[in-house]
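Asks: The lines below spell out each chain.
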Amino acid sequence: MKDVHLISLSVNGNEHELVVESRRTLADMLRHDLGYTGTHLGCEHGICGACTILLDDQPVRACLVFGVQADGCEVRTVEGLADGDQLSDLQQAFSDRHGLQCGFCTPGFLMLAEAYLSEADSSADPESVREAMASNLCRCTGYQGIVEAVCDVARSRHPAGST
Amino acid sequence: MTRFAVKATLRATNAPTGPLGRTGARMAREAKLDGHGTWIGASVPRKEDGRMLRGSGRFVDDVERYGALHAAFVRSPYGSATVNSIDVAAATGIPGVHHVLTAADLDNPYLLAVLERDEFVPTTMPLLAESEVRHAAEPVAVVLAEDPYAAEDGAEAVEIDFTPRQAVTDLDTAPTGPNVHSGLADNCLVDLTMFDDDRLDGVLADAPLTVEAEFSSARLAALPMEGRGCLAEWDDRDGQVVLHASTQVPHQLRSGIAQALGLPESTVRVIAPDVGGGFGLKCVVGREEVVIAAAAARLRRPVKWVEDRQENLTASFHGHEQHYAVRAAFDTTGRLLGLAADIRCDVGAYSAFPFTCAVEPLMAATELPGAYKVPAYRARGRAIATNKPPTAPYRGVSRPQIVLVMERLMEKAAAALDLDPLEVRRRNLISEGEFPYTGASGITYDEGSYRESLDLAEKTVTEAGWYSERDELRAAGIPAGIGFSCFSERTAYGTPIMAQRRMGMTPGYDTAHVRMDPTGEVIVTTGTCGHGQGHETTFAQIVATRLGVHPDQVRLRQGDTDLAAYGWGTFGSRSIVIGGTSARRAADDVAAQLRRIAAHLLEVDESDVRLMHGAATVRGVPGASLEIAELARTAYFRAHTLPEGSEHGLEARGSADPPGTFSNACHTVLVTADPGTGAVRVRRYLVVEDCGVVINPLVVDGQVRGGVTQGIAAALYERIRYDGDGQPNSATLMDYLAPTASEICPIQITHLETPCPYTEDGAKGMGEGGTIGAPAAVLNAVNDALAHTGVAMDHIPVRPEDVLSSLSRPLATVGGT
Amino acid sequence: MKPAAFTYHRAHDVREAVELLTELGDEAKILAGGQSLAPMMNFRLARPSALVDITRVPGLDYLRHDADGLRIGALTTHRAVETAGVPDGFRVLPRAARWVGHYPIRCRGTFGGSIAHGDPTSEWCLLAVLLEAGIVLRGPRGRREVPATEFFHGFFATAAEPDEMIVEIRFPGAAPRAALTEFAQRQGDFAVVAAAVSLTIEDGVCSAARLVLGGVDPQPAVVDADQALVGRSANETTWRAAGELAAESIDPPSDGHGSGAYRKRLAATLVSRAFTEAATS
Ligand SMILES: Cc1cc2nc3c(=O)[nH]c(=O)nc-3n(C[C@H](O)[C@H](O)[C@H](O)COP(=O)(O)OP(=O)(O)OC[C@H]3O[C@@H](n4cnc5c(N)ncnc54)[C@H](O)[C@@H]3O)c2cc1C
Ligand code: FES
Ligand code: FES
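If you're matching them up, the sequences are chains S, D and U in order.
First residue of the first sequence? That's 1 in our numbering, and the numbers climb one at a time after it.
First residue of the second sequence? That's 1 in our numbering, and the numbers climb one at a time after it.
First residue of the third sequence? That's 1 in our numbering, and the numbers climb one at a time after it.
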C-alpha cells in the first residue's frame, strides 16, 4: 500500500488540496500534480538549484523536500513572479542582461535571486552577488548576465544600500 | 518619423497589455534603423526570454500525456560482463509496474553508424544489451510503470546474472587488453594516417629545433542542465509514432529510429520542444530514445523517459578524452617547418549514430594546424575502444585539444629559441594577403583576422595593466601568469566538407521555408533546431530585414520533422550560416513576390519597389506606398486582382550548403595560483573574436561567455573518472565539478568583423569558439605562473594538486589568492 | 533518482518524535532539513522505512547564551547561525557558517542534522569537537549529554542510538581565538580538507592550542600539535611549524578530490592559515 497523505498548500496565492505519496518530492508534486512546470529538475541532489523555490519565504531546493512537508505552507514559484504579461523588474533585468540562454536554469536563478534580494543585507556588490549566485549552476551563460541582472535589481530595489 | 516607428511607439503605449509591448519599443530604439531598415547587428532582446522567465517554457518533461507510462532503465553494474540471464518476474510483481522489456522483447534492435572507409571498423550498438555489456550503466532492460518512482522500484527488482570480465579503461592498456568487441584487433576502431608528406621526416631530422611533446585531456560530460529525455506516443489517426525529445537533431533522430526499428521515416515524427542545452550531447541518437519510441509503438500507450543526472553522467555520451604525441620542427626564427602528430582518442565502447566514433580523430587529424602555416604535415588519428560510454561531439570536438597542442608548441619553441612567444605566433599565423589560404591538410581558409586579433588582444591587456598586475602579484609571492591562445574555428560544414568524412549519412545542407500569412505576419520553418542560441530572435532579424517587417512579426518554427523539410539540426556552429542563409534566400523570394504585387498595384516597375518599415515604397515616387499587410491581404484574398499567372500565396523555400567558413579569435587570460593549495583562479579574461558580421551582439557575446566558461571548466575543473574495473567515479555533481559563478570571472569581449564570403549576411558560425580557445589560454597562463619552477604542464584539467607539487615550496605558506 | 517508499510521520514535540522512533523501529529515521538525507534517499543510498519529520517541533530553533555556555537548538538552521548575534567568544560559529554549502542549503539545513549526520568534513562537527561541545540527546531512556569528542564514530556513524534524537548542542566555554578554514575547488562544496583551531595567547606566547582536522579521517581528527605551539611566540613561523607538524601526524586517504599526499599538504597550509586567522580574531 502506498503511504499517502491529504494535504493543502498555497502556491503563488492559489490554494490547492491534494493527495500525495510520502516519497514524492515537492518538485515532482509541483510539476506533475499541480502543473507548475516552471520549477525544473537538473540533478535531484541539491547541487544545481534548478528546482529552487520559496517555501514560506525561504529559498529551498524543491528536490530535497518531500511534497507532504509543504502541507499548510506557502510556496512561491517562478510562475508567480510576473504580473500577467508584465515581467517583474528581476525578470526584465535577466532579459536585458542576457542572463539566460536555454532557460532551463532560469527559474531556479530567479527564485534564488528573489530570496537574496529580499535579505536585509543583500548588496549590489558584484562579488557578493556572485557568491550568492554560486548556489546554482548554469551551463549556458557563463553567469555574467545573471550577476549583472541581480546587481541591477539590487541597486534599484535598495538605492540606499548600494555602493 | 517613419510609419514603422509610429507602429513601435503604439506598441509601447500599449505596453502593459501586450507581451511584446516593451520589447517592441526597445527594439525600435536599438535597431540599426539607419534608413536601410536592417535588423542585422542589433541587440534585439530575445523573443525566447518571456516564456522562459515566466516559467512557461515547454521542455520535454513538461509535456504530459494522460495514462503515460514512465520508464526506468536497468543498467549494467559492470564495466564489462557477460549477461547470462535476465529474470523479470519479481519486477513485474512490483506495484505500479506494467511492463519489463528486454532486447528479446523488442527483437534485438540496434543502431549502426558507419563510415565508408577501410580504416573504420563498424560495430553495432544494441539498444538493450543482449549477451554482453560493454560499459557500466549500459541499458539492459526497461521497466515501464505508472510513475517514475514505481519504475525505479521495478528496475531494482530485475535480476540479471552477469559474469564480470576484465575491463579495458585506458588508452595505454587498450591495445593489449581484452577485446571490447570480439575480434577487434588492438581495440582500435579507426586508424587513419593522413596527409603523409614525404618531406616531413627529412624536415624533422634536419630542423634547427625539434620540439617533442605529449598532451592529454580528460574525459568530459557536456552536462546540459536539462538531461536527455523523451515522450513517445502512438498517433492512430496519423499512423505515426510521435516522439517529443530533447534533441538538437530531430531529423537525424527520426532516421535513427526508422533505421533501428525498420520503419518508413514517414511513420515517425520527432518534435523537439524547448531544449535545455545540448552542447553536442544531444546531436547523436541515444539508445533510450529509440527504445521508448519502440515501446510506445508496440504498447500503443504514451511512454516517457526523463534522464536523471546520474544517468546523464554515467550512461549518456562523453567526449574529449585524447592523447597527442607530437613532433614539430622550427627554424631559428621560430617558423614552423613541419609537424607530425600521433593522436589517440578514447571513444568508449560504441560508435554513436550517425557521426561514428571517428569524429574526434578525424577532426583532430584534419584540423590540427589550425590558424598556423604548417608546410609539411602528417597525422595519425586513432579511435580506441574502451569499456566506457560512447562519445558524442561535445562542444569544440577535438579543437580545444588541437589548439592546446599548437599553442603549447608555440610557447615551447619560443622558450627554446629565447624568442617572444607572441612573435613566434605572428611568424606562423596565416596573415593578410595570404587568404584564401590552403593548408597542408587541404583545407581552404577564408579571410580572417588572425594576426589582428592577436595584436589587439596584446595591446588591450597591456594598456589595461595586466602585465604590471601580474608582476605585482608575483612580487607579493603569488604565482601569476598570462596566457594567450590564437585559433581559427571552422564552422558551418556543408555537404562537400562533411562528405570527406565518408559517413553513411552525410549532413551539411539545410533548408528553410518562409510563409507570409494574410495579415502580413511571417512563419519561418527550418531544419535547424536551436536550444538556447536565440534562433527565434536572430532568424527573425534576418527575415524581417529582407521582408521589411518587424522581427516581432516573424515567428520561427523549428524542431518538428513533420513541419520542416529534412534538416540536420543544430550543431557544429552551423545554424546561422546554413539555416540563416536558407531563411534569407527564402525570404528574398517572398520579398520578390511582394514587390511584384506592389508593382502591379502601384503601377510601377518592380525593381523600383522597396520593402522597409512595414511598407512597400517606390524609389523616386515619395507618395506611393502600400502597407505590406495590404499586399499580403491582396495575395490571399484578392488574387483575382493580380495578373494572370501570378503565384498563389506568399511562400518560398530556400536552401544553403556552404563550404564551411572560419571564425577566429585570440583569448587572453590572467590567472593566479594559491601557493598553499595549488588552486588556480581565473582573474581576468579577454576575447577578441571575429565571427564575421554579428547578427545580434547580445547573443554572440552570450555564446562566447558560455563557451569560455566550459573551456575554463575543461582546463581546471571537470573530469569524468573511471577506475580500473570500469566503474564510474564521477556520477554526481559533487564529483563532477561544473564551475559556479564563483569560479568564473567577468569575460570581456571585443569584436572584429571580417565578413564571410559565402553568406549574403557575412555571418560566420560561432557556437564553439569560447570552448575551443579557453583551455589553451588557461593552460598557457598556468605555465606562465609556474615558469619559475621549470615545470611544464601539458595536460588538462590542471588540478590544484598538480600545481602544488610543481610549486615544490616549503609546505606552509602565508597568504592566499 | 527517486526515493524508495517510506511512511511519513510528523512529530509535534520531542516526546512524540522519540515515541515514533521507538514505535517505528530501527529503520525509521528523523527528517530535519533533509539536506543530507534527501539526496541520499534520491540516490537510494539511504532507504529508511519511515521518516519522522521534526521540522515542525516548536522550540528547537534557538541560540541561547547562559551560564552553561552557548546552547544551539537542534533545528537552528545554518543560516540562523550565520546571521545570529553571538557573544564574542563564539564568533567562530557565524564566521564558519559561510563554509557550509550554499545559501539555500544553509536556509534549510539544521545544526542538529549536521551533527547527527556526522560528515567528517562538516564544519559543525569539527567545531563541536574543537570547542568540546556536548551533544544533548533525548530518547526513550531519557536525556543524556555525550561529549562531542566521543560522539563521532566514523563515516556517518555516531554515538546516538536509532531511537534517540539530538535536541541541543551545548558549547560550554568561550573560545575567543578560534577559526575554521578549508579548501574545496568549488565554492559551497564539502571541504577536501578543513582545519578548525583555537588558541590562547599570553604575552605574545601561545599558551594553549587545539586543532581538529576534517577530511583526513573517517571522523573529525583531533591532532596534537602542542609541541610546535605551546610556549612558542605567536607568529607566522609558529603557525607554519604547527601546520608542518599536523601534516606529518596524519595519514589521509586518497580519492578523486585529492591524494593522501595532497591532503597532507593542504592540512599544512590550512592549519597555518587557521592559526593566523585565530590569532588575529
Ligand atoms: C549542495 C550541498 C552542499 C552541502 N555542503 C555542506 C558543507 O559544505 N558542509 C556541511 O557540513 N554540510 C553541507 N551540506 C549538508 C548540510 O549541511 C545538511 O544540512 C546537514 O548535513 C544535515 O542537516 P539537515 O537538517 O539537513 O539533516 P537531514 O538531512 O534531515 O538529516 C541528516 C541525518 O541526520 C539525522 N538527523 C537530523 N536531525 C536529527 C536530530 N535532531 N536528531 C537525530 N538525528 C537527526 C537524519 O535522520 C539523517 O540521518 C551540503 C548539502 C548540500 C545539498
Ligand atoms: S534539481 Fe534540485 S538542486 Fe538540482
Ligand atoms: S541558460 Fe541554459 S543552463 Fe542556464
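These aren't lab readings, by the way, just hints derived from the structure by calculation.
Certain hints may be false.
Far from chain D, by Cβ distances over 12 Å, these chain S residues were calculated [stated by the list, open to error]:
no., residue
1, 10
2, 13
3, 152
Partial selection, computed: residues in chain U whose CB lies under 7 Å from chain S [claimed, not checked]:
no., residue
4, 1
5, 5
6, 6
7, 7
8, 8
9, 12
10, 15
11, 42
12, 46
13, 48
14, 103
15, 104
16, 107
17, 187
18, 237
Please read all numbers here as calculations on a predicted model, not as lab measurements.
Don't be surprised by glycine CBs; every beta carbon is placed ideally from N, CA and C.
Asks: With 7 Å as the cut and Cβ atoms as the points, is residue 42 of chain U at the interface with chain S?
Replies: Holds - the Cβ of residue 42 of chain U comes within 7 Å of chain S, reaching about 5 Å at its closest.
Asks: So, residue 15 of chain U near chain S? Judge it on the closest CB pair being under 7 Å.
Replies: Violated, about 21 Å.
Asks: Any CB of chain S closer than 7 Å to the CB of residue 8 of chain U?
Replies: 4 Å, holds
Asks: Are all C-beta atoms of chain D more than 12 Å from that of residue 13 of chain S?
Replies: The claim holds: residue 13 of chain S sits with its nearest Cβ about 15 Å from chain D, beyond 12 Å.
Asks: Residue 152 of chain S: least C-beta distance to chain D exceeds 12 Å?
Replies: Answer for residue 152 of chain S: holds, closest chain D Cβ roughly 15 Å.
Asks: Interface hint check: residue 7 of chain U, Cβ to nearest Cβ on chain S, cutoff 7 Å. Holds or violated?
Replies: 4 Å, holds
Asks: Would you check whether residue 6 of chain U satisfies its interface hint, that is, whether its CB is within less than 7 Å of any CB in chain S?
Replies: 6 Å, holds
Asks: Is the shortest C-beta separation between residue 12 of chain U and chain S less than 7 Å?
Replies: 13 Å, violated
Asks: Grab the minimum C-beta distance from residue 48 of chain U to chain S and call the hint holds if it beats 7 Å, violated otherwise.
Replies: 10 Å, violated
Asks: Can you verify the interface hint for residue 107 of chain U: is its Cβ closer than 7 Å to any Cβ in chain S?
Replies: Where the cut-off is 7 Å and the nearest Cβ of chain S is about 5 Å from residue 107 of chain U, the hint holds.
Asks: Let's test the interface hint: is any C-beta of chain S closer than 7 Å to that of residue 103 of chain U?
Replies: Since chain S brings a Cβ to about 5 Å from residue 103 of chain U, closer than 7 Å, the hint holds.
Asks: For residue 10 of chain S, is the shortest beta carbon distance to chain D beyond 12 Å?
Replies: 17 Å, holds
The earlier numbered hints that this structure contradicts are 9, 10, 12, 13 and 18.
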